[in-house]
Structures are given as C-alpha cells and as structure tokens.
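Chains as they are written, first to last, in my numbering: chain A, 1 to 620; chain B, 1 to 620.
Hints were generated in silico from the structure; no laboratory data involved. We treat Cβ as the ideally placed atom computed from N, Cα and C, and that holds for glycine. Hints may be right or wrong, so weigh each one.
Straight-line Cα separation of at most 20 Å, DMTMM-like style, residue types lysine to aspartate or glutamate; simulated pairs [as the list claims (entries may be wrong)]:
| hint | chain 1 | residue 1 | chain 2 | residue 2 |
| --- | --- | --- | --- | --- |
| 1 | B | K221 | A | E482 |
| 2 | B | K361 | B | E329 |
| 3 | B | K485 | A | E218 |
| 4 | A | K601 | A | E526 |
| 5 | A | K303 | A | D265 |
| 6 | A | K207 | A | E329 |
| 7 | A | K221 | B | E113 |
| 8 | A | K26 | A | E550 |
| 9 | A | K485 | B | E218 |
Chain A is nowhere near these chain B residues, computed Cβ spacing over 12 Å in every case [to be verified]:
| hint | residue |
| --- | --- |
| 10 | K233 |
| 11 | G272 |
| 12 | R553 |
There are 2 protein chains.
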Amino acid sequence: MYGFMGKILRVDLSHKSIKEEPLPEKEARNYLGGNGLATWYLFNELPKGIDPLGPDNKIIYMSGPLTGTMSPSSGRFSAVTKSPLTGLWGSANSGGRWGLDLKKSGYDGLIIEGVSTDPVYLVIDDGECSLIDAQHLWGLNVRETTRLIKEEHGSKFNVSCIGVAGEKLVKYAAVMNDVHRALGRCGFGAVMGSKNLKGIAVKGSQKIRVADKQAFGEAAKQARNFISESLLKMTLEVYGTDMVLDLVNVKGGLPTRNWQLGSCDYAENINGPAINESILTGRKACFACPIACGRLTEVKSGKYKCKGEGPEYETVGAFGPMCDISNLEAIAFANNLCNDYGLDTISTGSTIAFAMECYEKGILTTENLDGIKLDFGNEDAMIEMVHKIAHRDGVGDLLSQGTKAVSAKLGQNSQHFAMHVKGLELPAYDCRATKMTGLGFATANRGGDHITAYIQGPTYMDIPFLIVEESMLEDPAVENPEETKVVKDLEDALTVFDAVGACKFMGMALMAEDIVAIIAGATGWEFDVDEFRKGGERIYNLARCFNVREGARRIDDTLPTRLTQEPLRDGPAEGLVVDLEPLLDAYYQYRGWDQNTGIPKAEKLNEVGLAAIVNQLGVE
Amino acid sequence: MYGFMGKILRVDLSHKSIKEEPLPEKEARNYLGGNGLATWYLFNELPKGIDPLGPDNKIIYMSGPLTGTMSPSSGRFSAVTKSPLTGLWGSANSGGRWGLDLKKSGYDGLIIEGVSTDPVYLVIDDGECSLIDAQHLWGLNVRETTRLIKEEHGSKFNVSCIGVAGEKLVKYAAVMNDVHRALGRCGFGAVMGSKNLKGIAVKGSQKIRVADKQAFGEAAKQARNFISESLLKMTLEVYGTDMVLDLVNVKGGLPTRNWQLGSCDYAENINGPAINESILTGRKACFACPIACGRLTEVKSGKYKCKGEGPEYETVGAFGPMCDISNLEAIAFANNLCNDYGLDTISTGSTIAFAMECYEKGILTTENLDGIKLDFGNEDAMIEMVHKIAHRDGVGDLLSQGTKAVSAKLGQNSQHFAMHVKGLELPAYDCRATKMTGLGFATANRGGDHITAYIQGPTYMDIPFLIVEESMLEDPAVENPEETKVVKDLEDALTVFDAVGACKFMGMALMAEDIVAIIAGATGWEFDVDEFRKGGERIYNLARCFNVREGARRIDDTLPTRLTQEPLRDGPAEGLVVDLEPLLDAYYQYRGWDQNTGIPKAEKLNEVGLAAIVNQLGVE
C-alpha cells in the first residue's frame with residue numbers, strides 16, 4: 001500500500017503484549033490515516049462511558065500517508081483518546097520529526113491499551129519492539145527523560161514522553177516529542193501517566209514508498225515552491241506564530257484579564273517583533289517544512305533565565321494578556337516550564353487566569369491559594385502556580401483538574417467567567433470580536449479549540465480553496481447565518497490535513513487541487529476535490545458520533561456566558577456579544593444534524609458512508 | 001461606453017486652449033485605459049527625440065475602467081510622459097481619491113501639452129474647465145498650494161500639484177495629489193514645472209456606469225471579501241508597507257550604506273512595528289480599499305516634529321539604511337519634506353546615499369558640499385540635502401540631476417556604485433539576494449523599478465494566478481533561467497492593473513479569473529484570462545517600442561556593476577552577485593525580443609496586435 005507502511009503496532013500494557021496487525025486497507029482509504037483512521041479505531045474499540053484514566057481507555061497514535069514524505073510541512077502525526085478533560089473525543093496533533101521516525105520504524109500507527117503495573121517505556125527500533133522498565137525515569141521531566149533514553153539507546157532515537165505533570169495525572173498534561181513539540185490539548189499526558197507509560201522511543205530506516213514518484217514529486221515541488229513564495233511563509237518565518245498577536249489585538253479580540261477586556265496596551269512587549277528583538281536565537285522548521293515558524297529562544301540572564309523553543313502565540317496569549325502579564329521573559333519561562341513538565345500551555349495559562357479572576361472577586365482567597373496573592377499581572381505568582389499544578393501541590397491539586405472542574409467546585413458565581421467549552425480551555429481569540437470563531441469554539445469535537453475550524457479570531461486566515469466558494473466576512477456586529485457554512489467547510493477540510501499528516505498552515509496557502517494531487521500521487525488513489533471534501537466530512541461526523549454516543553448534545557455546543565451575555569468592554573468590538581443560537585441553527589442545517597439534539601441525521605450519515613453507525617446510535 | 005466617461009480633455013498650454021475629444025473606443029478596448037491607453041497616446045503623439053522639459057513633451061493623465069467603481073482598491077490613476085530622468089517612457093501611478101474625482105468630473109483622461117508663458121493651474125469643475133493664473137501660488141509647496149486652491153474654489157475640489165521642486169525642475173520632482181499621494185517616479189513634477197503648470201483641481205458629480213450591475217457587483221463583492229480576509233490585508237493594515245523591512249533585512253537584501261551592505265542591525269528602530277509604537281496616529285485607505293495600508297503619523301516634539309502620512313517602506317529604505325540612518329523620526333521628517341516639496345522619496349534618498357559614498361571615498365569633499373560633512377548616518381546633513389535639492393541650492397543643483405547625471409559628472413570611479421538603471425534610482429531591494437528582482441530592475445520600461453514586475457526583493461510576493469503556473473523560486477545562489485518567465489508574466493499581468501485603475505496589491509490576493517470577471521462586468525467586454533494576459537503583453541510591448549524608438553537597446557537593460565561584479569559582503573546572500581546576462585538571454589526568448597538588440601521581433605508585435613508599429617520601427 002503506497003504512502004503507508006502497512007502495519008499497526010498494538011501494545012497491551014496490562015499483558016505486556018506487543019503485536020503487529022495489518023493496516024486495514026479499506027478503512028485507510030475511507031478515513032485517510034492520521035486522525036481519521038485513529039478515530040475509526042477509537043470509535044470501534046472504546047465502549048461507551050469508560051473512565052478516561054482507567055484501563056479501558058486507549059491512546060492511538062497514527063501518522064498519515066504524507067507523513068515523512070517530501071510533501072511540504074508533512075512531519076506531523078496525530079493521536080486520539082478519550083479525554084480526561086472533556087470526557088469526549090480527545091485529539092491532538094504534533095510536528096517535529098517524531099511522526100516520521102515512527103513511520104520509518106515500520107508502523108503507521110500505535111494502539112496503546114491497558115495499564116502497566118509498573119512504569120515502563122516502549123522502544124521501537126526499526127521494527128524491533130520492547131517494553132522496558134522505567135522506574136529510573138519516573139519523576140523526571142521531559143528533557144531529562146529524553147536525554148536518558150537517548151543515552152541508553154542511542155542518539156538516533158526520537159522520544160515521545162511525559163514529564164511530572166502526566167505522571168501526576170494533571171488533566172491537561174501533554175505528551176511531548178522532539179523535546180519541545182506537544183500533543184498538547186485534551187490531556188494525553190494524563191492518559192499516558194494513568195497507564196504507567198513514560199514514553200515511546202522510535203528509530204527507523206525503512207523507506208516510505210509513494211505510488212507515482214513523478215506525479216507526486218511534481219505536485220509536492222509545486223506546493224513547496226508555492227508555500228516558499230507565500231506571504232504566509234514570509235511572515236511566519238520572520239515573526240513566528242506570535243505575529244498574530246498584533247493582528248488580534250488591533251481588532252479588539254485579544255483576551256485580557258481572563259477575557260474581561262479584548263485588548264492590551266503592551267502588545268509591543270510581547271508580539272512577534274518583540275520576540276525577535278529580545279529572546280530569539282534562531283528559527284526552526286519541522287521535517288520538510290519550507291516555513292520554519294519555530295523559534296529557538298533564550299533568556300540569557302535574570303530570574304527567568306531559560307532556553308528552549310517558543311513561545312507560540314497561544315502560549316503568549318494564555319500566560320500574557322489572559323493573566324495580564326506583559327513581561328516576555330516571564331512568559332518564555334512559563335512556556336519552558338510547561339514543556340519540561342509536559343503541560344498544555346493554553347489550558348495551564350487559561351486556568352491560572354481563571355483563578356486570578358476568582359481571587360480578584362474573592363471567590364478564592366490567599367487562604368485557598370497557599371498564601372499566594374494571585375493578582376492579575378503577578379508574574380511570580382503565575383510561575384509558582386505552574387510548579388504547583390505540575391506537582392498537584394496545594395492549590396495546584398485543585399487547578400490541575402481544569403477550569404470546568406474548578407469552577408464546578410467553586411460554585412455558580414464563577415461559572416460565568418470559566419472560559420472553556422466542553423471542559424477544554426479556550427485559546428486566545430475573543431469571539432465577541434469575531435462570531436464565526438465563537439461558533440468554531442462551540443462546535444469543535446475536542447472542545448474549545450481554534451484549529452478545528454481555524455477561524456483564528458479576528459485574523460480569519462485565508463484558506464483559498466474555501467474562500468473561493470465562500471466569502472462572507474462581514475461587519476463583526478452583524479452575524480450572518482450563511483457564513484456558518486464556512487465553519488463547516490473549514491472543519492471538514494482541515495480534518496483532512498490532520499488525517500494525511502500535513503500541517504494546517506499548508507491549507508492556508510494551497511488550493512484543494514494542489515493537496516489532492518499530492519495525496520493521489522502518494523497513495524495511488526483516485527482522489528479528487530470531491531473525495532477530499534467528503535472524506536473530511538466523514539471523519540468529522542465520525543468524531544461527532546463518538547461524542548454523541550458519550551451523551552454530547554446541542555446543549556454542549558455552547559460558550560461561556562461571558563461571551564454570550566456580557567458585552568465586550570473595550571476596543572473595536574466594544575458592546576458586542578456572540579448571539580450563538582441562530583448561528584448554531586444555520587450550522588446544523590449545513591451539517592445535516594438535528595436542530596434540537598445536534599445529532600447527525602441518518603440521511604447525512606448514510607451520505608458520508610457512515611451507514612453502519614446509524615443503527616448503533618439509533619439515530620433517525 | 002461602460003466603465004468609461006467617454007471623453008478626453010486636451011489642454012494646450014501654449015495656446016491656452018481646452019477642448020474635449022471623444023474617447024477612442026477601439027483603442028480603449030485594446031489598451032484598456034490608464035497606463036495602457038495613455039501610452040498609446042504618448043507613442044502616437046510624441047516625436048522621437050524631443051526634450052522632456054521642452055514644449056513638445058506631454059503629460060497624459062488617464063484613469064481606467066475600474067477607477068472610482070466599487071471594485072476594491074480601485075481609486076488609482078496613471079500618468080505617462082517622456083521622463084527627464086531617463087529620457088525614455090516615463091510612467092507613474094497614484095492612489096487616494098484624485099483619479100476618481102477626475103473621472104467624476106466627466107473625463108477619462110487629460111492630455112497636457114505645450115508650455116504656458118506664465119504660471120497657471122487648471123480647474124475642472126464637473127465638466128467646466130478653465131486655466132487660472134497661478135502667480136500667487138508659484139513658490140509655494142504642496143500643502144499650501146492645495147489649501148489655497150481649495151479655499152478659492154471650495155473644499156470639494158481635489159488637487160494634483162507640484163511644490164518648489166517641480167518648479168525648479170528637479171529631475172525627480174513628483175506631482176502630488178490628495179496632499180500625500182504621489183506620481184512619484186520619473187520626474188513628472190519637473191515636466192509639469194517646465195510647462196508652468198502648478199496644478200490641476202478637479203471636482204465632479206457624474207456617475208460611472210457599469211455594464212452589468214449585478215455581475216459586476218457580485219464579482220467586486222467577492223473580490224472585496226477575499227481581500228478583506230487575506231493575510232495580505234491583515235499584515236498591511238496592521239504594519240503598513242514597512243512590514244516588508246524585516247522580511248527583506250532577514251534575507252540580507254536591505255541595501256545599507258548605498259548598497260555596500262545587505263542588512264542593518266537597527267531594523268527594530270525603523271520597521272513596521274516601530275512605526276506603530278512610535279509615530280502612528282491612524283490608518284488610512286485609498287478610495288474603495290479594504291486594505292488601508294496608509295499610515296497617519298506624527299512626530300510630536302523635538303527637532304523632527306512633523307505630521308503627515310507615511311513613510312512607506314521604500315521611503316524608510318532610502319532615507320534609512322541606504323543613508324545608514326536609524327532614527328525613524330529623521331526619516332519621517334525627510335518623508336514629510338519630500339511630500340511637501342514634491343520630491344520622489346526613492347530618488348531623493350538614493351541620490352543622497354550615493355553622494356554620501358562619494359564623500360566617504362573623497363570623490364566629493366566638504367568643499368563641493370557647501371561645507372557639509374555628508375557622512376553616512378548624519379541625519380541633519382541628510383535633511384539639509386533634501387532642502388538643498390528641492391531649491392537647487394549649492395550642491396543641491398548638482399544632486400537635483402539624479403544619480404546617473406551626477407555620476408557622469410563626477411567621473412568613472414563613481415559609476416560602479418551609482419545605483420540606478422536607465423537613470424532611475426533603485427528601490428530598496430538588493431538583488432544580489434534575489435536574482436529575479438535584478439532582472440526586473442534591468443528590464444522595467446521606466447528604469448530601475450520594483451513595481452513593474454513586483455518581484456519585491458527577497459519577499460517575492462505571491463501572485464496566485466501566476467504562481468499556479470510558474471513556481472520556480474530556488475536558492476538565491478542558483479540562477480534559474482526558466483524563472484525569468486515569471487518576470488515576464490508578472491510584468492504583463494501587473495501592467496493590466498495599472499491600465500484598469502486597480503491597485504497592484506489586489507494582484508497579490510486575487511486570481512486572474514476574479515479580476516477578469518470584474519473588468520468584464522464593468523465594461524461589458526467579453527474579457528477572459530487570455531485577453532487579460534494578451535492585453536498586458538500588448539501594452540508592455542508598446543512601452544518597450546517607445547523606448548526602442550528613443551534608442552534603448554539590450555545594453556541599457558543592465559544593472560550597476562556593484563550588483564553584477566561586487567559580491568555582497570554580509571548576510572545570507574554573502575558572496576553573491578547577479579549574473580545578469582544569462583537571465584536576459586532567457587527573458588528575451590520568452591519575450592520574443594531579439595537577443596542582440598533587445599528589440600521586439602516583428603512576429604511578437606504582430607501577435608500582440610501591434611502590427612502597425614512594425615514598419616514604423618523598421619524591426620524584423
């Protein structure tokens with residue numbers, strides 16, 4: 001099978017068994033790989049209602065047919081699980097080189113199941129697989145774990161692992177790979193920790209074969225050149241993802257003081273150019289990426305001395321304006337801490353910002369907070385909280401549960417400003433300034449997420465192949481129900497990028513025709529734009545069905561009441577709220593989902609090739 | 001005729017006669033309007049070899065079929081003349097609202113000919129035209145001239161005029177409109193000054209009719225939405241054109257110390273974000289433009305106190321790194337001086353940078369320089385030079401002739417670093433870091449220019465409709481002759497934007513199909529992508545033929561020897577030169593021009609509908 005290695009590795013930690021299975025070819029064709037194929041496994045193998053941190057949960061790693069090929073920006077892989085943060089479909093995607101190394105070791109994907117009695121790590125050495133005792137690694141963070149595994153097995157191994165936060169089952173712990181890249185969202189680190197699995201080291205030398213070398217090579221080269229020449233590349237390379245900060249701030253959509261305000265007056269201290277001028281030491285690309293948005297950074301002296309990669313925009317947003325912190329060095333330090341502990345920076349920063357507002361309002365006091373004055377803008381308190389959360393020390397134990405759980409514990413008067421959807425903390429785009437972002441947050445299968453629809457706040461990145469068809473951005477004060485079709489189309493299209501192993505930034509520079517030609521060349525499939533859209537819709541609906549089976553309904557597709565009821569207090573979007581329900585009405589109509597329940601209709605499931613699920617879910 | 005007003009105004013200053021002529025419909029169809037139609041007039045009405053500053057030269061203003069319509073970014077108009085700086089086809093294009101106001105006054109274009117014995121200005125009041133004595137305005141600069149004309153005739157008049165520099169016949173004087181917008185390059189101000197014409201005030205209320213309201217409206221709306229959502233808009237709106245500075249600097253293509261170096265270490269003092277943080281007071285759009293790249297700025301105190309619009313990137317490049325000046329306030333002050341005197345900022349800054357290197361090398365001394373120590377980095381000396389050039393005071397008389405003429409006077413040892421092509425000073429992109437920019441500079445019909453091919457230095461802006469076909473950007477160290485077709489295609493395509501009255505930034509966000517639909521909807525012409533390309537090629541060849549008739553040959557399509565023989569000393573492009581001749585060979589082949597002479601072949605001229613010229617030029 002071209003574009004695939006043809007094998008899946010199943011690792012049962014309870015029985016310490018490791019076995020190979022053939023890649024299910026028909027399903028690979030239907031769900032494309034990556035996120036898509038992994039979700040097919042998850043849907044079929046996970047019974048309803050299992051405990052995300054219990055033995056029945058699984059982590060399914062999956063690369064896609066483009067992962068590791070010369071298609072541009074194709075160093076990515078996905079993972080799915082049942083999220084301990086949302087109790088629903090959990091999904092994450094990461095770059096670097098790990099996905100490529102997994103694939104070259106001979107496997108398209110890994111299914112991790114069961115629970116080990118003792119800490120172990122998995123080594124995959126070019127097809128040779130073993131579980132190794134990890135007692136000596138337990139209690140170590142990501143850098144040290146990675147260093148020791150490489151020291152033990154060789155520097156050519158690439159490590160995906162958890163730090164202390166995952167071991168401690170912090171609900172938003174991350175799994176890190178290539179030291180600084182993350183399966184960040186949805187708590188994969190906690191699931192891995194619950195399985196006593198410290199990490200996975202991979203090395204491989206096997207070749208990835210494509211179906212039509214020449215056609216693939218030409219399509220990939222054209223795409224690469226196109227991206228190389230794009231404004232997207234130019235700006236991302238020079239400024240990194242944090243270039244977005246100014247764009248968002250100027251539109252009044254930069255969540256500040258836990259979303260009490262939509263702009264801050266210190267953007268120039270923390271924006272992309274500020275990183276360039278103060279802490280940048282180099283730029284770094286993922287495998288085969290012509291963009292190189294990664295930042296190598298160093299704070300050379302002072303109490304925030306640190307060295308690493310990032311911070312990305314979302315990290316700056318969460319530890320910066322959300323916490324009302326204007327010191328880039330403190331933000332970079334918090335970012336490095338999170339990467340080493342294995343913590344999702346968005347959820348960590350956002351949960352701390354929520355706690356800061358609770359403190360401001362007297363809902364939390366210094367007594368609850370281990371004596372810490374958790375004021376907005378208090379850098380040292382913020383950093384102290386990161387340590388406490390990772391170790392679940394004192395109040396960190398409470399905050400390690402995530403904003404939704406903390407707010408449930410603190411009671412109703414904190415729920416208005418608990419900034420999450422379905423339990424996943426929101427990224428840094430105030431959707432009162434951009435309504436479609438709000439709809440995207442509300443409907444994303446993994447909870448409050450910006451890269452599912454990638455309607456990135458007020459920036460509304462241009463995805464040519466969609467906007468040629470749909471192009472309806474209007475005054476943010478006017479909500480246009482027809483525009484919700486853009487959200488659907490983007491969700492479907494970008495799902496394909498995760499499935500094939502390509503970076504979503506590609507989708508901002510390429511036409512559907514371009515990516516379709518690459519996929520066809522790599523796999524030998526007859527694959528056209530119609531297939532592309534239909535495939536994305538199929539996968540998207542399958543993940544939705546996972547959530548429906550777990551009990552998710554329209555009522556869960558919502559936003560914090562701060563966004564729907566409290567008019568924004570400042571900036572260009574002053575006075576606006578998100579009037580979500582009419583948008584949901586229209587969106588469900590485009591989706592073919594029931595208006596009352598939000599459950600996909602049988603007609604739609606049949607249409608996208610999910611007929612088998614119709615009976616299982618009992619939908620009409 | 002839809003999209004046009006149907007009338008041209010011919011103003012003979014020698015005989016003080018003003019008469020209307022019908023728009024030549026067939027030629028409008030062939031040359032589209034704007035720059036294209038104006039060049040047709042120029043080619044047909046200007047005998048070979050006339051003196052650019054004598055009575056036989058003409059200035060032909062022309063709007064295009066989209067000027068003033070609701071097509072996005074369509075507030076532009078063009079002008080052509082024989083340039084006193086190059087002795088060849090002179091062309092410029094400006095934004096703001098003046099072009100729209102001219103068109104609404106009832107005229108698609110203006111032909112200014114002859115010389116007035118006394119200073120006059122032209123008033124076009126909704127179809128009523130008169131020449132008015134301008135003695136009281138002579139000696140005044142642009143702001144005051146504009147203010148007085150509006151005071152006299154009403155604030156609804158919009159003024160295009162010259163300042164002192166144009167009156168004094170500074171070879172690179174500009175004609176300003178909307179106070180801060182310029183017909184900047186090629187010395188239009190000098191030509192206007194030579195005619196004793198101080199300015200042109202227009203006011204109008206006539207309607208611009210489009211052929212198919214619905215089709216036009218839909219195409220324009222789609223294009224507008226597309227641009228509104230583009231990364232191009234986001235970044236240009238937030239950072240202005242000076243966003244390019246970092247992108248160029250990081251590639252080592254930012255001309256520093258008169259192109260002795262390709263990067264500077266003070267980019268953060270003068271880049272787009274620096275403008276935002278220090279002097280920006282607002283953003284401003286030209287008519288119908290969703291981008292708003294214009295900057296309202298103010299230096300609020302100190303010796304460089306000033307208020308106005310800009311500086312644009314090119315201005316920062318010329319008065320900043322080229323002169324090795326890192327003080328944004330000094331640059332803004334010089335920019336404001338130029339706008340008020342009516343001086344092209346690129347040629348002014350570049351000529352001063354050239355003089356600085358002459359001073360550094362002892363070719364000019366304080367004796368030649370009226371006692372001024374014209375060191376690189378000397379802000380006050382730079383500003384003093386702007387004053388002197390505008391008034392042709394002392395050494396300013398020499399420098400007012402432009403780099404080429406100054407260098408000819410100073411002798412051979414200055415010619416290596418006289419940074420012009422065909423007499424037009426080069427904009428701020430060191431083409432040793434990007435070879436195709438060099439080819440674009442060498443071949444542009446108006447001389448050393450970046451927006452003819454708009455291969456903007458290392459940034460290489462993405463123009464989707466071209467790059468879909470041609471996508472060959474390689475390592476800057478490798479010159480790929482096939483890539484020269486991109487230069488040709490861009491020159492042809494962007495020529496159309498000038499012709500129809502649309503901003504070239506549109507071409508970076510739209511597909512050919514999009515702009516073609518707008519043009520067809522406005523004019524009622526059957527107009528497709530093939531027509532689009534052919535029309536651009538026709539106009540481009542016509543301008544080339546104008547130059548050929550004046551004696552321009554392949555030998556004139558060249559670059560300063562600094563770029564072809566002196567390896568760049570720093571940055572990522574260190575060690576590189578432009579190996580121009582193989583690129584020219586390939587480019588001429590794509591162009592269908594003779595390899596030895598650079599003259600268009602008869603076959604090509606016949607193919608693009610310029611058969612009538614074949615005999616006139618006597619080409620084979």
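Verification of the hints:
1. K221(B) <-> E482(A): With Cα atoms ~15 Å apart, K221(B) and E482(A) stay inside 20 Å; holds.
2. K361(B) <-> E329(B): This hinted pair is violated, its Cα atoms lying about 28 Å apart.
3. K485(B) <-> E218(A): Holds - the C-alpha atoms of E218(A) and K485(B) are around 19 Å apart, at most 20 Å.
4. K601(A) <-> E526(A): Violated. K601(A) to E526(A) sits at ~28 Å, over the 20 Å cutoff.
5. K303(A) <-> D265(A): Since the Cα atoms of K303(A) and D265(A) sit roughly 24 Å apart, the hinted pair is violated (cutoff 20 Å).
6. K207(A) <-> E329(A): This hinted pair is violated, its Cα atoms lying about 43 Å apart.
7. K221(A) <-> E113(B): Violated, at roughly 53 Å.
8. K26(A) <-> E550(A): Roughly 26 Å separates the two Cα atoms, so the pair is violated.
9. K485(A) <-> E218(B): holds (19 Å)
10. K233: Given that some Cβ of chain A is not farther than 12 Å from that of K233(B), nearest at about 9 Å, it is violated.
11. G272: violated (8 Å)
12. R553: holds (32 Å)
Checked against the numbered hints listed earlier, the structure breaks hints 2, 4, 5, 6, 7, 8, 10 and 11; every other hint is satisfied.
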